[in-house]
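Produce the complete structure using the sequences and hints provided.
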Amino acid sequence: MSKFKKKSKADTNIPTSALPDIIFMLLFFFMVTTVLREQDILVEQRIPQATQLQKLQKKSLISYLYIGQPKNVNLYGTEPRIQANDVLITTNDIVLWVNQEKDALSEAERDQITISLKADREVKMGPISDIQFELREADARKLMYASTIKVDN
Amino acid sequence: MARKKARMSQEVSTGSMADIAFLLLIFFLVTTTIASDRGILTILPPKQDPNVPPPDIKLNERNIFNILVNANNQLLVEGEFRDNTQGLSEDIKSFILNFGAPDEEAQALYNSLPATLKAQANMDPTSSDHPMSGGAVVSIKTDRGTGYETYLEVLDLVKRAYFEVYAERVGLTADEYRALSSDNAGEIELINRGKEEIPMAISIAEPEKIGGE
Numbered sequence: 005m006s007k008f009k010k011k012s013k014a015d016t017n018i019p020t021s022a023l024p025d026i027i028f029m030l031l032f033f034f035m036v037t038t039v040l041r042e043q044d045i046l047v048e049q050r051i052p053q054a055t056q057l058q059k060l061q062k063k064s065l066i067s068y069l070y071i072g073q074p075k076n077v078n079l080y081g082t083e084p085r086i087q088a089n090d091v092l093i094t095t096n097d098i099v100l101w102v103n104q105e106k107d108a109l110s111e112a113e114r115d116q117i118t119i120s121l122k123a124d125r126e127v128k129m130g131p132i133s134d135i136q137f138e139l140r141e142a143d144a145r146k147l148m149y150a151s152t153i154k155v156d157n
Numbered sequence: 014m015a016r017k018k019a020r021m022s023q024e025v026s027t028g029s030m031a032d033i034a035f036l037l038l039i040f041f042l043v044t045t046t047i048a049s050d051r052g053i054l055t056i057l058p059p060k061q062d063p064n065v066p067p068p069d070i071k072l073n074e075r076n077i078f079n080i081l082v083n084a085n086n087q088l089l090v091e092g093e094f095r096d097n098t099q100g101l102s103e104d105i106k107s108f109i110l111n112f113g114a115p116d117e118e119a120q121a122l123y124n125s126l127p128a129t130l131k132a133q134a135n136m137d138p139t140s141s142d143h144p145m146s147g148g149a150v151v152s153i154k155t156d157r158g159t160g161y162e163t164y165l166e167v168l169d170l171v172k173r174a175y176f177e178v179y180a181e182r183v184g185l186t187a188d189e190y191r192a193l194s195s196d197n198a199g200e201i202e203l204i205n206r207g208k209e210e211i212p213m214a215i216s217i218a219e220p221e222k223i224g225g226e
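Quick mapping for you: the protein sequence lines, in order, are chains A and B. Following the working numbering, the numbering of the first sequence begins with 5 at its first residue and continues without gaps. Following the working numbering, the numbering of the second sequence begins with 14 at its first residue and continues without gaps.
Read the hints as simulated data drawn from the structure, not as lab findings. Each hint should be verified, as a subset may be incorrect.
Said to hold, decoys possible - Below, a list of computed lysine to aspartate or glutamate pairs in the DMTMM-like style, where the Cα atoms sit at most 20 Å apart:
#	chain 1	residue 1	chain 2	residue 2
1	A	K63	B	D196
2	A	K146	B	E219
3	B	K222	A	E138
4	B	K154	A	D134
5	B	K60	A	D90
6	A	K59	B	E202
7	B	K154	B	E200
8	A	K62	B	E200
9	A	K154	B	E177
10	B	K60	A	D143
11	A	K154	B	E162
12	A	K59	B	E177
13	A	K62	B	D196
14	A	K146	B	D196
15	A	K154	B	E202
16	B	K222	A	D134
17	A	K59	B	E189
18	A	K146	A	E113
Listed below in structure tokens is the structure:
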């Protein structure tokens, strides 16, 4: 008898106390599965270390050039290559690339463009100085040699 | 017996869920590295017009601190062979602050320096005249075959010498000086006071065609 009474009193509300946990679960799921960098680095990147590092205030003004030996040696050879965005380019393309990057900035900021040179430590100065020459041609004279902090021992 | 089973709670206990969530959050906070945009800043010289010959700048040999790095990553500092970069930063610093033959303006600059920097002025007539523009210049020249890492190490040491001078002028350490941001008027004032009249005169020469490609 008492059983029937209980059934008629059944709660029709959905319990929502676990909702935050579900939200958290979703948040973590997407945190784990999202990859921040959408471009693959095609060249070796062992950034050299230095002590006198400076930080740039405005990230939107930075464009990156990656220099190093290609990871896929069979396809691209062993000579150091330059990667801009997600393709390998030659030194001759740098002026064009800088102008494209400048176009993406607002007019007032165009001359403040900073090139961050992410070069592998095995690279020789030859290719680096060629790049610097092209950057001068393209009038992108603010250059940053990307490096990580060296801990004094 | 049957009654007890029916009463058993069917909910999973969620009391510790928040703790698990926090643990995960802290784990990802710690392990995630955001690509940092830090590095050594330089300004390249302006483009050269091929029709205009490069400006003929007259500088006395004593005002130039020559650093040559060859394709074997060996150094020639002021004509002297070196195998490593030990003590290079100190040498550059005493070169910058030499005040061998200061003119009137440079003498005023010298008088404005704090005592610790004044003590470093050797007044050697065979070294740089003064650190103002037209005075001391540090020149780095590499071969095409020089390693980028060695070049960056040398450039880093030259920068260090200058930053230490700037920082000492405003009574900070070099690390604190470099961390000053240009967002804040007070900090901009400190930055400018540090480097006032002592330009970072680093000349990076076109590499010699040895050892590359």
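Status of each hint after checking the structure:
{"no.": "1", "hint": "K63(A) - D196(B)", "in the structure": "holds, 14 Å"}
{"no.": "2", "hint": "K146(A) - E219(B)", "in the structure": "holds, 17 Å"}
{"no.": "3", "hint": "K222(B) - E138(A)", "in the structure": "holds, 17 Å"}
{"no.": "4", "hint": "K154(B) - D134(A)", "in the structure": "holds, 14 Å"}
{"no.": "5", "hint": "K60(B) - D90(A)", "in the structure": "violated, 28 Å"}
{"no.": "6", "hint": "K59(A) - E202(B)", "in the structure": "holds, 18 Å"}
{"no.": "7", "hint": "K154(B) - E200(B)", "in the structure": "violated, 34 Å"}
{"no.": "8", "hint": "K62(A) - E200(B)", "in the structure": "holds, 17 Å"}
{"no.": "9", "hint": "K154(A) - E177(B)", "in the structure": "holds, 17 Å"}
{"no.": "10", "hint": "K60(B) - D143(A)", "in the structure": "holds, 7 Å"}
{"no.": "11", "hint": "K154(A) - E162(B)", "in the structure": "holds, 13 Å"}
{"no.": "12", "hint": "K59(A) - E177(B)", "in the structure": "holds, 17 Å"}
{"no.": "13", "hint": "K62(A) - D196(B)", "in the structure": "holds, 11 Å"}
{"no.": "14", "hint": "K146(A) - D196(B)", "in the structure": "holds, 19 Å"}
{"no.": "15", "hint": "K154(A) - E202(B)", "in the structure": "violated, 28 Å"}
{"no.": "16", "hint": "K222(B) - D134(A)", "in the structure": "holds, 12 Å"}
{"no.": "17", "hint": "K59(A) - E189(B)", "in the structure": "holds, 12 Å"}
{"no.": "18", "hint": "K146(A) - E113(A)", "in the structure": "holds, 12 Å"}
In this structure, the hints that do not hold are numbers 5, 7 and 15, in rising order.
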